[in-house]
Amino acid sequence: MSRQSVDQPVQTGIKAVDSMIPIGRGQRELIIGDRSTGKTAIGLDTIINQKGGDLICIYVAIGQKQGKVAQVVGSLEAAGLWNTPS
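Sequential numbering of the sequence shown, starting at 2, is according to the working numbering.
Calculated directly from the structure, the hints in this document are not laboratory data.
Just so you know, nobody snuck in bad clues.
Distance windows between CB atoms, simulated:
id : residue 1 : residue 2 : range
1  : Thr38     : Gln67     : 18 to 28 Å
2  : Asp35     : Val61     : 16 to 26 Å
3  : Ile24     : Val70     : 15 to 25 Å
4  : Asp8      : Gly64     : 32 to 42 Å
5  : Ile59     : Gln5      : 10 to 20 Å
6  : Arg4      : Ala79     : 27 to 37 Å
7  : Ala79     : Ser6      : 28 to 38 Å
8  : Thr38     : Met2      : 28 to 38 Å
9  : Gly68     : Met2      : 34 to 44 Å
10 : Ala71     : Arg4      : 28 to 38 Å
11 : Leu56     : Lys16     : 16 to 26 Å
12 : Val70     : Asp35     : 15 to 25 Å
13 : Val74     : Ser6      : 33 to 43 Å
14 : Gln67     : Val7      : 34 to 44 Å
Predicted model, so just to flag it, every value in this text is computed and none were measured.
Glycine included, C-beta positions come from ideal geometry on N, C-alpha and C.
Construct the entire structure; sequences and hints are all you get.
In structure tokens:
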């Protein structure tokens with residue numbers, strides 16, 4: 002199965018990330034790092050900055066505590082971006 006080439010940039014809204022590590026539409030991005038280094042904040046900011054566009058964003062929380070996941074859901078609800086699958 003062949004894939005199309007990546008030729009459209011996705012703006013995260015974080016200038017340092019957009020200039021040093023550009024993300025293309027259709028790419029997957031893994032954000033890893035030590036605890037309390039802002040990984041969730043970068044992911045959420047990127048998702049929130051896509052509001053109003055036609056990009057589908059999927060946030061996966063592996064090994065997160067229930068309280069932390071509830072905070073993420075609350076942030077996405079506050080931004081008007083939380084969709085419950087039907």
